[in-house]
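Student: Sequence:
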Amino acid sequence: MRPRKDTKMDNNITIQNTISIGIEIPPETFINEKTINVQNLIIESSSTNNGTICIPDNVSNNIVVPSKKKKIFIVHGHDNEVKLEVARFIEKIGLEPIILHEQVNSGMTVIEKIEKYSDVEFGIVLYTPCDLGYVKGKKKEKKARARQNVVFEHGYLIGKLGRNNVCALVKGDIELPNDISGIVYIQLDSNGSWKIPLAKELKLCI
Numbered sequence: 154m155r156p157r158k159d160t161k162m163d164n165n166i167t168i169q170n171t172i173s174i175g176i177e178i179p180p181e182t183f184i185n186e187k188t189i190n191v192q193n194l195i196i197e198s199s200s201t202n203n204g205t206i207c208i209p210d211n212v213s214n215n216i217v218v219p220s221k222k223k224k225i226f227i228v229h230g231h232d233n234e235v236k237l238e239v240a241r242f243i244e245k246i247g248l249e250p251i252i253l254h255e256q257v258n259s260g261m262t263v264i265e266k267i268e269k270y271s272d273v274e275f276g277i278v279l280y281t282p283c284d285l286g287y288v289k290g291k292k293k294e295k296k297a298r299a300r301q302n303v304v305f306e307h308g309y310l311i312g313k314l315g316r317n318n319v320c321a322l323v324k325g326d327i328e329l330p331n332d333i334s335g336i337v338y339i340q341l342d343s344n345g346s347w348k349i350p351l352a353k354e355l356k357l358c359i
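Position in the sequence shown (from 1) plus 153 gives the number in our numbering.
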């Protein structure tokens, strides 16, 4: 620990990121409960006496308080296995998955839930073969498709977050909304190669 001059003080130190040891802050920097940011180190002080404030050397680089995680919407149908796999991947890369249908209702509709989370940065929509549909009069041509609420919520998220901040993961050969350009669809596969393009989309947007 470096020597200090008259260091009688009552300071509250908040460490947000990795701490660099041995940083000396002149006492005149702290005036009337000011908060300053010095290379990702934030120090709050209500008062100080004359002398040099020195951070002890035993406050090491190992002390790290993680910053607030960025939130990602996940919209899904009835395929819980895919939902959980995607959520685990989002957590693994340091983001926070928000699964709308698992949030407490409190009398809110799905739209109200989306509006509640105004700090969400990105949306992932899971197109899984949960329903069957066909054109009227062509019952024999029925095809697997996602739940209708998933398609609706996909469009709503595009309107809320912007087209570039929403990505759809598609499982199998299913019917997709047509005549919509510029929508990102990534094919889900069993070997997990979908994670690479999804990570690239996330990196571009958040």
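For the record, the hints were derived by calculation from the structure and aren't laboratory data.
Treat the hints with care, since some could be wrong.
[Said to hold, decoys possible] Below, in silico cross-link-like pairs of lysine-lysine (DSSO-like), each with a Cα-Cα straight-line distance of 30 Å or less: (1) Lys223 to Lys245; (2) Lys313 to Lys292; (3) Lys223 to Lys313; (4) Lys224 to Lys353; (5) Lys223 to Lys353; (6) Lys224 to Lys313; (7) Lys296 to Lys348; (8) Lys295 to Lys223; (9) Lys356 to Lys221; (10) Lys223 to Lys291; (11) Lys313 to Lys293; (12) Lys223 to Lys269; (13) Lys245 to Lys221; (14) Lys221 to Lys348; (15) Lys296 to Lys269; (16) Lys269 to Lys356; (17) Lys222 to Lys292; (18) Lys353 to Lys222; (19) Lys222 to Lys269; (20) Lys223 to Lys348; (21) Lys296 to Lys224; (22) Lys296 to Lys245; (23) Lys289 to Lys353; (24) Lys356 to Lys222; (25) Lys348 to Lys224; (26) Lys356 to Lys224; (27) Lys348 to Lys222; (28) Lys266 to Lys353; (29) Lys245 to Lys269; (30) Lys221 to Lys292; (31) Lys356 to Lys289.
Predicted model, so just to flag it, every value in this text is computed and none were measured.
Student: It remains to establish, for every hint, whether it holds in the given structure.
Tutor: Hint check results:
1. Lys223 to Lys245: holds (13 Å)
2. Lys313 to Lys292: This hinted pair is violated, its Cα atoms lying about 35 Å apart.
3. Lys223 to Lys313: Holds. Lys223 to Lys313 sits at ~17 Å (cutoff 30 Å).
4. Lys224 to Lys353: Between Lys224 and Lys353 the Cα gap is close to 16 Å, so the pair holds against 30 Å.
5. Lys223 to Lys353: Judged against 30 Å, a Cα distance of about 16 Å means the pair holds.
6. Lys224 to Lys313: holds (14 Å)
7. Lys296 to Lys348: holds (26 Å)
8. Lys295 to Lys223: violated (40 Å)
9. Lys356 to Lys221: holds (17 Å)
10. Lys223 to Lys291: Status violated; Cα separation ~45 Å.
11. Lys313 to Lys293: With Cα atoms ~37 Å apart, Lys313 and Lys293 exceed 30 Å; violated.
12. Lys223 to Lys269: Holds - the C-alpha atoms of Lys269 and Lys223 are around 15 Å apart, at most 30 Å.
13. Lys245 to Lys221: Since the Cα atoms of Lys245 and Lys221 sit roughly 15 Å apart, the hinted pair holds (cutoff 30 Å).
14. Lys221 to Lys348: Since the Cα atoms of Lys221 and Lys348 sit roughly 23 Å apart, the hinted pair holds (cutoff 30 Å).
15. Lys296 to Lys269: violated (35 Å)
16. Lys269 to Lys356: Roughly 24 Å separates the two Cα atoms, so the pair holds.
17. Lys222 to Lys292: Violated: Lys222 and Lys292 sit about 47 Å apart, past 30 Å.
18. Lys353 to Lys222: holds (18 Å)
19. Lys222 to Lys269: Given pair Lys222, Lys269 holds - Cα atoms ~17 Å apart, limit 30 Å.
20. Lys223 to Lys348: Holds. Lys223 to Lys348 sits at ~18 Å (cutoff 30 Å).
21. Lys296 to Lys224: Outside the cut-off at roughly 33 Å; violated.
22. Lys296 to Lys245: Between Lys296 and Lys245 the Cα gap is close to 34 Å, so the pair fails against 30 Å, i.e. violated.
23. Lys289 to Lys353: violated (40 Å)
24. Lys356 to Lys222: holds (14 Å)
25. Lys348 to Lys224: Roughly 17 Å separates the two Cα atoms, so the pair holds.
26. Lys356 to Lys224: The hint holds at about 13 Å.
27. Lys348 to Lys222: Answer holds: Lys348 to Lys222 is near 19 Å, not above 30 Å.
28. Lys266 to Lys353: holds (27 Å)
29. Lys245 to Lys269: With Cα atoms ~25 Å apart, Lys245 and Lys269 stay inside 30 Å; holds.
30. Lys221 to Lys292: violated (50 Å)
31. Lys356 to Lys289: Since the Cα atoms of Lys356 and Lys289 sit roughly 42 Å apart, the hinted pair is violated (cutoff 30 Å).
Checked against the numbered hints listed earlier, the structure breaks hints 2, 8, 10, 11, 15, 17, 21, 22, 23, 30, 31; every other hint is satisfied.
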